[in-house]
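Q: So you can see what is in the structure, the chains are spelled out below.
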Amino acid sequence: MKKNKKIAAIIAAGTFAAAALAGCSNAAASSESSNSSSSSSETSKASSSSVSITMLNSKMEIQPQLEEMAKKYKEQTGVSIEVYSTANGASPAETIAQKYAAGDPPTLAMLDGTDILTIAKEKALDLSSEKWASDGGSTYGISIDGTLYSFPFCIEGRGLIYNKTIIEKLTGKEFNPDSIKSMDALKKLMDELVAAGMEHPMVINKEDWSLGAHYLATVYEEQDGTAAGAYKFTEGLTKGTEKLIENKRFNTIMDTFDMLKEYNINKADPMAADYDLNASYVAEGKSAFWFNGNWAWAEISEYVDDSTEMGIMPLVQNTSEDDFANNRLCASGSKQVMIDKIKATPEQQQAAKDFLNWLVYDEAGQSVLVNDCSLVPAFKNITLEVKDPLGQSIKKYVDGANTIEGFNGCPGDHWSTLGASMQKYLAGQIDRAGLASEVEAYWAKQAK
Amino acid sequence: MNEKTLAAKTKTFLMFAGPAVFVFIAVLIVPLVYGVYLTFTSWDGISNNKPFVGLNNYIEVFKDKEFWNSLVLTLKYVAVSVVFINLIAFILAFLVTSGIKGQNFLRAGFFTPNLIGGVVLGFIWRFVFARALVSFGTAFDIDIFSTSWLSDPQKAFWAMIIVTTWQYSGYMMLIYIAGLMGVPKDLTEAASIDGATGFQATRHVVLPMMVPSFVICLFLSITRCFMVYDLNLSLTEGGPFAATRMVAMHVYKKAFEAKQYGTGQAEALILFIIVAIIGITQIYLGKRKEVEA
Numbered sequence: 000m001k002k003n004k005k006i007a008a009i010i011a012a013g014t015f016a017a018a019a020l021a022g023c024s025n026a027a028a029s030s031e032s033s034n035s036s037s038s039s040s041e042t043s044k045a046s047s048s049s050v051s052i053t054m055l056n057s058k059m060e061i062q063p064q065l066e067e068m069a070k071k072y073k074e075q076t077g078v079s080i081e082v083y084s085t086a087n088g089a090s091p092a093e094t095i096a097q098k099y100a101a102g103d104p105p106t107l108a109m110l111d112g113t114d115i116l117t118i119a120k121e122k123a124l125d126l127s128s129e130k131w132a133s134d135g136g137s138t139y140g141i142s143i144d145g146t147l148y149s150f151p152f153c154i155e156g157r158g159l160i161y162n163k164t165i166i167e168k169l170t171g172k173e174f175n176p177d178s179i180k181s182m183d184a185l186k187k188l189m190d191e192l193v194a195a196g197m198e199h200p201m202v203i204n205k206e207d208w209s210l211g212a213h214y215l216a217t218v219y220e221e222q223d224g225t226a227a228g229a230y231k232f233t234e235g236l237t238k239g240t241e242k243l244i245e246n247k248r249f250n251t252i253m254d255t256f257d258m259l260k261e262y263n264i265n266k267a268d269p270m271a272a273d274y275d276l277n278a279s280y281v282a283e284g285k286s287a288f289w290f291n292g293n294w295a296w297a298e299i300s301e302y303v304d305d306s307t308e309m310g311i312m313p314l315v316q317n318t319s320e321d322d323f324a325n326n327r328l329c330a331s332g333s334k335q336v337m338i339d340k341i342k343a344t345p346e347q348q349q350a351a352k353d354f355l356n357w358l359v360y361d362e363a364g365q366s367v368l369v370n371d372c373s374l375v376p377a378f379k380n381i382t383l384e385v386k387d388p389l390g391q392s393i394k395k396y397v398d399g400a401n402t403i404e405g406f407n408g409c410p411g412d413h414w415s416t417l418g419a420s421m422q423k424y425l426a427g428q429i430d431r432a433g434l435a436s437e438v439e440a441y442w443a444k445q446a447k
Numbered sequence: 000m001n002e003k004t005l006a007a008k009t010k011t012f013l014m015f016a017g018p019a020v021f022v023f024i025a026v027l028i029v030p031l032v033y034g035v036y037l038t039f040t041s042w043d044g045i046s047n048n049k050p051f052v053g054l055n056n057y058i059e060v061f062k063d064k065e066f067w068n069s070l071v072l073t074l075k076y077v078a079v080s081v082v083f084i085n086l087i088a089f090i091l092a093f094l095v096t097s098g099i100k101g102q103n104f105l106r107a108g109f110f111t112p113n114l115i116g117g118v119v120l121g122f123i124w125r126f127v128f129a130r131a132l133v134s135f136g137t138a139f140d141i142d143i144f145s146t147s148w149l150s151d152p153q154k155a156f157w158a159m160i161i162v163t164t165w166q167y168s169g170y171m172m173l174i175y176i177a178g179l180m181g182v183p184k185d186l187t188e189a190a191s192i193d194g195a196t197g198f199q200a201t202r203h204v205v206l207p208m209m210v211p212s213f214v215i216c217l218f219l220s221i222t223r224c225f226m227v228y229d230l231n232l233s234l235t236e237g238g239p240f241a242a243t244r245m246v247a248m249h250v251y252k253k254a255f256e257a258k259q260y261g262t263g264q265a266e267a268l269i270l271f272i273i274v275a276i277i278g279i280t281q282i283y284l285g286k287r288k289e290v291e292a
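Protein chains in written order, with numbering that gives the first Met the number 0: chain A, 0 to 447; chain B, 0 to 292.
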């Protein structure tokens, strides 16, 4: 009797353990089988076009609009898209890494340019032969060795945001940003503004992304205005063949920075700048210029009234007037969508491609990008008017092909590491030579 | 019967400890071993290949000056905040067990900061340091508050310590209260009959009896302060100019931003070993001081 009980107990314990073990393996197996079953059901249903695909969204602010879009798309085509966004605070890179580690990657992944560069060769579908590639896709999308791997979801540009209304009010003259083509011209205008009673016409962010990824990166991008040129230059920094302090572009850009610093509204304590306050300064006319990009409209629009005219102009420098840096804007495809080729079935891949085409060529799709999400589209054929004034500025430069190519080759910690160096420079903790040597040291560390 | 044979022993063991051992292995040992394995690769966190690089990552760690700087900074931060947390917690516990009016209300009040999560707490205090105190300082012309504490490396470090102390001292206070209440009344009475003053009774009777509380509180505050990340992120973001970047934040940035997963993992392992050594030493030394009533 006693023995029987014991055996029963052992069996019970064994079953538990087995169940626990099976729990794990089952989960894996069942997800496998559900994968395969769903894909097989998709194969059968593909003819009736009811494929379902997933999309990772890394622009959290447009998540509601994208969910709405998915509904519309389902009605129109029968293909269902499940849109989910990156977890709060997690970068797209982390999210996509987790998704691939879990074996459940999204069919369409909206990522930053650098992420595409790291993973595309292994995981992304070749999109070179898509129709939209020739309508702007290949210009603003990301190619590696001549193969296009991503769809540019929107264009974002950066430069000096200006408040036209307040400038005209204070100077009493019409303000034409195209007439400001050198640092001296900008300085003259700022002096006029100061004379007219505006104490600090400039706003500089303290955020490391703004200083590191946007201001400092201009130095690479404006070496010759192409991504290839930027790549060559950073290669030179890595190898130690480029000397930053002797670099002409670095010096003109930092000259402008020094000048802007003098007029900075946060000059007394530049590291205490507050992003929302910065937006209110320029929106309400307490200040006239802000170094930032068109995404800042989200914050500006909370403070601005409808009669205020605003726009973005290039970060001007004391070079010649026809220098491209004084005429063209740093604008590039900022969110890139790639299609997974590891787990997605051919049907899903096709559905994802169709969806991208829908965004570019279908009126409803165009309207999602431009009207619902207020983005600046990267495609020539989209003629819808961009809604916000900063976006309109960008669109003007994009349409005139007056953009400076974005550079995605910075390592992932570039913005925070060198952002900190730029912060030190902004706060007067290091001088230009010190900044140059920190930047050079950072790149030298990247040598493999 | 056969109850002494190895097979029988194994059966009994599996019956009682099997499930727990299995779970322990699955959620602790396997990830740990895998983590250690990753320190020998140059994985970027997403690629399919995990190239084996031997001890390269550990050499990288020793060359990573920022890691050691942030570790030293963290050591300073831990040392200062552990002293403040425990000092204030003990004083508070002493006050709210001395029979002052409204002590239950005060206990709840002091404990409340601990109920607010680190991230929210960081944002609240960021507002206090960057805006509220600055307005106050400029309005009344008080020099030390007229610029944001968070824009100065030294002051930002102290801001971290103030908030940490504020967050944890209420929690440690609870443990000290339990310790104080646990000192048998007959001992303190005997001491006062023997003519000990209040201070002497506290110093020679109450404190020795409370050593277990100190050991626990020190252990908790040391480990928590070492691993601080949420507060660091939401209060200072490691700034200004990365001057308050604690070691956990550095490891995170190494692994996920610089995409040097192997090096980050190696740094995390080294951090783990350091914290384990300090924690165990502290408990070992503390336990030796424990006395029986």
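Some hints could be false.
Claimed, not checked - Just a few of them, taken from the derived set where beta-carbon distance is under 10 Å, the chain B residues facing chain A:
#: 1; residue: Thr4
#: 2; residue: Gly44
#: 3; residue: Ser46
#: 4; residue: Ala138
#: 5; residue: Asp142
#: 6; residue: Arg244
#: 7; residue: Ala247
#: 8; residue: Tyr283
Hints listed in this document are in silico derivations from the structure and should not be mistaken for laboratory results.
Ideal Cβ positions, reconstructed from N, Cα and C, are used throughout, including at glycine.
Q: Of the numbered hints stated earlier in the document, which are not met by this structure?
A: Numbers 1, 4, 5, 7 and 8, in rising order.
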